[in-house]
Amino acid sequence: MFAYYLQLGLRSLRKNPLLTVLMVMAIGCGVAASMTTYSVFRATSNNPIPNKSSQLYVPQIDNWGPEEAAENKGEPPSSLSYTDAINLMRDKRAKRQTALYPVALSIVPDDMNMLPFRENSYAVYADAFPMFDVPFLFGGGWTASEDNAHAAVAVIGRELNDKLFHGANSVGREINLNGRTYRITGVMDTWNPEPMFYDPVNTNAFADPTEVFIPYTRAIELEMPTFGNNNCNKDPGNGWDSWVHSECVWTGFWVELPTKADADAYRRYLDGYVAEQQRSGRFKWPKNNRLRNVTEWLDFQKVVPQEAKVSLLVSMGFLLICLVNTVGLLLAKFMRRAPEIGVRRALGASRKEIYTQFLIEAGAVGLAGGVVGLLLTGVGVIGVSLVFDPQIARLAELDTSLVALTLLVAVLATVLAAFYPTWRAAQVQPAWQLKSN
Amino acid sequence: MLHIKPILVALKRHKAGTILIAMQIALTLAIVCNALFIIDQRLDRIARPTGLDESNLVIIRNRWVGVTDEATGPLIHGDVQALRQLPGVQDAISINSYPLAGGGWSTGVRVNVDDKKSKAHTTLYFSDEHMLPTMGARLIAGRNFTPDEVTDAKANAVDTPAVIIITKALAHDLFPDGSALGKSVYVSDTKKPSTIVGIVERMQVPWNSSWADAWAENAVFQPYVLMYSGNVLLIRTKPGQQDAVMKSAPEMLFKLNRMRVFPKENGVRTFANQRESIYKRDRGMAILMGVVCLVLLGITAAGIVGLTSFWVGQRRKQIGVRRALGATKRDILSYFLTENLLIGTVGVLIGALMAIGMNLWLVTQFEMARLSLAYVAIGVVALLLLGQGAVLAPAMRASRVQPVEATRSV
Numbered sequence: 001m002f003a004y005y006l007q008l009g010l011r012s013l014r015k016n017p018l019l020t021v022l023m024v025m026a027i028g029c030g031v032a033a034s035m036t037t038y039s040v041f042r043a044t045s046n047n048p049i050p051n052k053s054s055q056l057y058v059p060q061i062d063n064w065g066p067e068e069a070a071e072n073k074g075e076p077p078s079s080l081s082y083t084d085a086i087n088l089m090r091d092k093r094a095k096r097q098t099a100l101y102p103v104a105l106s107i108v109p110d111d112m113n114m115l116p117f118r119e120n121s122y123a124v125y126a127d128a129f130p131m132f133d134v135p136f137l138f139g140g141g142w143t144a145s146e147d148n149a150h151a152a153v154a155v156i157g158r159e160l161n162d163k164l165f166h167g168a169n170s171v172g173r174e175i176n177l178n179g180r181t182y183r184i185t186g187v188m189d190t191w192n193p194e195p196m197f198y199d200p201v202n203t204n205a206f207a208d209p210t211e212v213f214i215p216y217t218r219a220i221e222l223e224m225p226t227f228g229n230n231n232c233n234k235d236p237g238n239g240w241d242s243w244v245h246s247e248c249v250w251t252g253f254w255v256e257l258p259t260k261a262d263a264d265a266y267r268r269y270l271d272g273y274v275a276e277q278q279r280s281g282r283f284k285w286p287k288n289n290r291l292r293n294v295t296e297w298l299d300f301q302k303v304v305p306q307e308a309k310v311s312l313l314v315s316m317g318f319l320l321i322c323l324v325n326t327v328g329l330l331l332a333k334f335m336r337r338a339p340e341i342g343v344r345r346a347l348g349a350s351r352k353e354i355y356t357q358f359l360i361e362a363g364a365v366g367l368a369g370g371v372v373g374l375l376l377t378g379v380g381v382i383g384v385s386l387v388f389d390p391q392i393a394r395l396a397e398l399d400t401s402l403v404a405l406t407l408l409v410a411v412l413a414t415v416l417a418a419f420y421p422t423w424r425a426a427q428v429q430p431a432w433q434l435k436s437n
Numbered sequence: 001m002l003h004i005k006p007i008l009v010a011l012k013r014h015k016a017g018t019i020l021i022a023m024q025i026a027l028t029l030a031i032v033c034n035a036l037f038i039i040d041q042r043l044d045r046i047a048r049p050t051g052l053d054e055s056n057l058v059i060i061r062n063r064w065v066g067v068t069d070e071a072t073g074p075l076i077h078g079d080v081q082a083l084r085q086l087p088g089v090q091d092a093i094s095i096n097s098y099p100l101a102g103g104g105w106s107t108g109v110r111v112n113v114d115d116k117k118s119k120a121h122t123t124l125y126f127s128d129e130h131m132l133p134t135m136g137a138r139l140i141a142g143r144n145f146t147p148d149e150v151t152d153a154k155a156n157a158v159d160t161p162a163v164i165i166i167t168k169a170l171a172h173d174l175f176p177d178g179s180a181l182g183k184s185v186y187v188s189d190t191k192k193p194s195t196i197v198g199i200v201e202r203m204q205v206p207w208n209s210s211w212a213d214a215w216a217e218n219a220v221f222q223p224y225v226l227m228y229s230g231n232v233l234l235i236r237t238k239p240g241q242q243d244a245v246m247k248s249a250p251e252m253l254f255k256l257n258r259m260r261v262f263p264k265e266n267g268v269r270t271f272a273n274q275r276e277s278i279y280k281r282d283r284g285m286a287i288l289m290g291v292v293c294l295v296l297l298g299i300t301a302a303g304i305v306g307l308t309s310f311w312v313g314q315r316r317k318q319i320g321v322r323r324a325l326g327a328t329k330r331d332i333l334s335y336f337l338t339e340n341l342l343i344g345t346v347g348v349l350i351g352a353l354m355a356i357g358m359n360l361w362l363v364t365q366f367e368m369a370r371l372s373l374a375y376v377a378i379g380v381v382a383l384l385l386l387g388q389g390a391v392l393a394p395a396m397r398a399s400r401v402q403p404v405e406a407t408r409s410v
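Residue numbers (our numbering), protein chains in the order written: chain R, 1 to 437; chain W, 1 to 410.
Treat the hints as calculated values from the structure; they're not laboratory data. Treat the hints with care, as some may be off.
Computed list of lysine-lysine pairs in DSS-like fashion (alpha-carbon distance at most 30 Å, straight line) [unchecked claim]:
1. 117(W) to 287(R)
2. 154(W) to 234(R)
3. 260(R) to 92(R)
4. 284(R) to 12(W)
5. 352(R) to 15(W)
6. 287(R) to 52(R)
7. 5(W) to 15(W)
8. 317(W) to 73(R)
9. 116(W) to 183(W)
10. 255(W) to 163(R)
11. 317(W) to 15(R)
12. 234(R) to 119(W)
13. 116(W) to 73(R)
14. 168(W) to 284(R)
15. 284(R) to 116(W)
16. 280(W) to 309(R)
17. 163(R) to 168(W)
18. 15(W) to 15(R)
19. 264(W) to 163(R)
20. 287(R) to 119(W)
21. 255(W) to 234(R)
22. 168(W) to 154(W)
23. 192(W) to 234(R)
24. 117(W) to 284(R)
25. 191(W) to 234(R)
26. 234(R) to 117(W)
27. 234(R) to 183(W)
28. 116(W) to 168(W)
29. 352(R) to 12(W)
30. 352(R) to 92(R)
31. 116(W) to 234(R)
32. 15(W) to 287(R)
33. 302(R) to 247(W)
34. 119(W) to 192(W)
35. 302(R) to 264(W)
36. 183(W) to 168(W)
37. 117(W) to 73(R)
38. 284(R) to 247(W)
Being a predicted model, the structure only gives us computed values, none of them experimental.
Kindly produce the complete structure, drawing on both the sequences and the hints.
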């Protein structure tokens, strides 16, 4: 029967091509708009480190007081001061921990014909590599004793390794960063978590991959200022030492706490730490700490662009209107065939069969709408670069799951929209139709 | 003259279709109003003037490699001197930031030395006496810096200058009575006063995001050349020389000293490029919303055409009867137009409420402004006209129904 109903449906669709085209286009446009904006939303709200997103946390400590916090909805600063970061590192209360900040490093190639070039670089502690599940092609991270020794070591990215060493194993070789020599301890395999969860504060969370990591302790010793934001609530005074020991906030901090009990213990530790600072007279206000995991952190940092949310909402509304439109058009289409329904019913077709017939017809419209929607989504995904930064736009892609979702949404939505018109069609009284003919 | 009563009676028999059209009009109005509002807000943002003379302006983002901040002083002076002598260049400076750069310095300004809270927030621009002419800033009161007022300053040890120039907007925030020129203010936490020697008509802050909206044109110019390993070279070229300088300046700079880096993608660009990339999201969002509006209006119109056509087809016999009983073509036409107007009115009333509700919700969720009622009014008129336009073709067809159809059985 399915084949027969499908055939009937297609014949009826061919009968008023204009109405059919109208419905198919409406569904296609609605679905395409939703799917295009959804592709951006999906990419930007992605969980960049699913296995560990509930084990990695960012501690925040209010070292500025309630007046400043009030200007930020009561939230403590998003970064730590160097003082707090170093104290937390020293106390080592988490399984793993790292302070981190972006540094401006330029690579000076040995080849005198090549000009120096800059790559995204971070200063971190040795724990960062196992914490963030950084994959290695050759070698690995440096050791804790190298952290303590402020060693001139570096981990570089695969792309940089290809550029400098033509993809060879460069572990143990030297790299010149800002005119100083560092020994390479490891080459990362391609690693570019998106969103870049470890530093949404200084980036828009969608940046080019980090190609160089050096020890935090080394960067501090060389007095490398942050390449990111530096926020001060008062003038830090002149020179490096007064800046580093000021209440200016500029360094990131991550801890790994595998279980909920660990997280609770760390919260208690933070409270204790703040109490200690209160006793010493540094904080003259009640504690205001946070400990957020990756998902909470990305949410708090508003990593999903406002445009992605607004355009998703608007296009969902758009799809809704297209569906209301389809309900109306299907109603017109089905009711126009009341005489035909009357004849079928009179010849013994049950209501259920009328339902089946018309829902299949609607499904066919939905499928056609889905195919049109798929083409338009393809165009839309290319057009995403019009609205979003290239780093975000390239994340929006028409993969198999999006193709399947597009077709599914189109068919489901259309069949859903067809319920009322079909119900009306099934209510047609055979006798009445036959009489008026 | 309108025959509303018979229309209402007829509509009662087509409840589903009536509700669907009204609903579609309402939803379309809600979305179109908000989309138009978003478009207008974005266009407003793009239209904000920077205060720069934006044509013939080249930006080079320079970063020294392997040089301490202190050691950059002579290098920066060397660059600037060489750039000013380069053919095609009218003037050049080394500066910390510029409008729409995306990152820069910001601080508070106090009027009295003992004030606990700053009177206004501002950005800081540091460069020498060529700063105003290179940027193309218009001095509206007082004077520019003199060469002997300009000194070098280490980026992490900037002192308080004796003289500063500020923008008109900041002058108004600090001294609303208009007496800023010649007054002393305290920039940041300093105890040392700075005298305002000049007022510039306008200069925007480096940020485009909403957090700086309240003080978007507050700027303090300080006569310091910052010794810093990441500086910006701002070059004012002679008219028509922009492209030539874009090529010759980086070449010349690398010849002067190759231990430097210009970022790959945006190291050397014109201000026009910078403006385009900064406002890309805003422009894109406006285009997207515009497309959504157009398609939406098209689909709604098509839906009205479809349903009305169906009604006309259904009522051919009744139309024939009315025509046979003396109704003119005009009567039939006005019947369908009035019917649509009634449905449309209900739709836009509900839609207006929905538009306002949707905006109120968006305001709570996103940093968006309140919808101005003018947009709702525009939307209401647009949708009523759209409805009338859409119904016209089927209504014309209805008016051409011959009275003789009343006698036909089908």
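Verification of the supplied hints:
1. 117(W) to 287(R): OK: residue 117(W) and residue 287(R) at ~23 Å, within 30 Å.
2. 154(W) to 234(R): Given that 30 Å is the threshold and the Cα spacing comes to 18 Å, the pair holds.
3. 260(R) to 92(R): Given that 30 Å is the threshold and the Cα spacing comes to 18 Å, the pair holds.
4. 284(R) to 12(W): violated (71 Å)
5. 352(R) to 15(W): Distance of about 24 Å is within 30 Å: holds.
6. 287(R) to 52(R): The given pair, whose Cα atoms are some 28 Å apart, holds under the 30 Å limit.
7. 5(W) to 15(W): With Cα atoms ~15 Å apart, residue 5(W) and residue 15(W) stay inside 30 Å; holds.
8. 317(W) to 73(R): At roughly 67 Å apart (the allowed maximum being 30 Å), residue 73(R) and residue 317(W) break the hint.
9. 116(W) to 183(W): holds (19 Å)
10. 255(W) to 163(R): holds (24 Å)
11. 317(W) to 15(R): The hint holds at about 22 Å.
12. 234(R) to 119(W): Distance ~15 Å between residue 234(R) and residue 119(W) Cα, so the pair holds.
13. 116(W) to 73(R): Between residue 116(W) and residue 73(R) the Cα gap is close to 21 Å, so the pair holds against 30 Å.
14. 168(W) to 284(R): This hinted pair is violated, its Cα atoms lying about 39 Å apart.
15. 284(R) to 116(W): Cα-Cα ~17 Å, so holds.
16. 280(W) to 309(R): At roughly 17 Å apart (the allowed maximum being 30 Å), residue 309(R) and residue 280(W) satisfy the hint.
17. 163(R) to 168(W): The hint is violated at about 50 Å.
18. 15(W) to 15(R): holds (26 Å)
19. 264(W) to 163(R): Between residue 264(W) and residue 163(R) the Cα gap is close to 15 Å, so the pair holds against 30 Å.
20. 287(R) to 119(W): holds (29 Å)
21. 255(W) to 234(R): Violated: residue 255(W) and residue 234(R) sit about 41 Å apart, past 30 Å.
22. 168(W) to 154(W): Holds, at about 28 Å.
23. 192(W) to 234(R): holds (15 Å)
24. 117(W) to 284(R): Status holds; Cα separation ~19 Å.
25. 191(W) to 234(R): Holds, at roughly 13 Å.
26. 234(R) to 117(W): Holds, because 11 Å separates the two Cα atoms, which is no more than 30 Å.
27. 234(R) to 183(W): Cα-Cα ~24 Å, so holds.
28. 116(W) to 168(W): Distance ~24 Å between residue 116(W) and residue 168(W) Cα, so the pair holds.
29. 352(R) to 12(W): holds (28 Å)
30. 352(R) to 92(R): violated (69 Å)
31. 116(W) to 234(R): holds (11 Å)
32. 15(W) to 287(R): Distance ~62 Å between residue 15(W) and residue 287(R) Cα, so the pair is violated.
33. 302(R) to 247(W): violated (39 Å)
34. 119(W) to 192(W): holds (16 Å)
35. 302(R) to 264(W): Cα-Cα ~28 Å, so holds.
36. 183(W) to 168(W): holds (14 Å)
37. 117(W) to 73(R): holds (19 Å)
38. 284(R) to 247(W): Not OK: residue 284(R) and residue 247(W) at ~56 Å, beyond 30 Å, violated.
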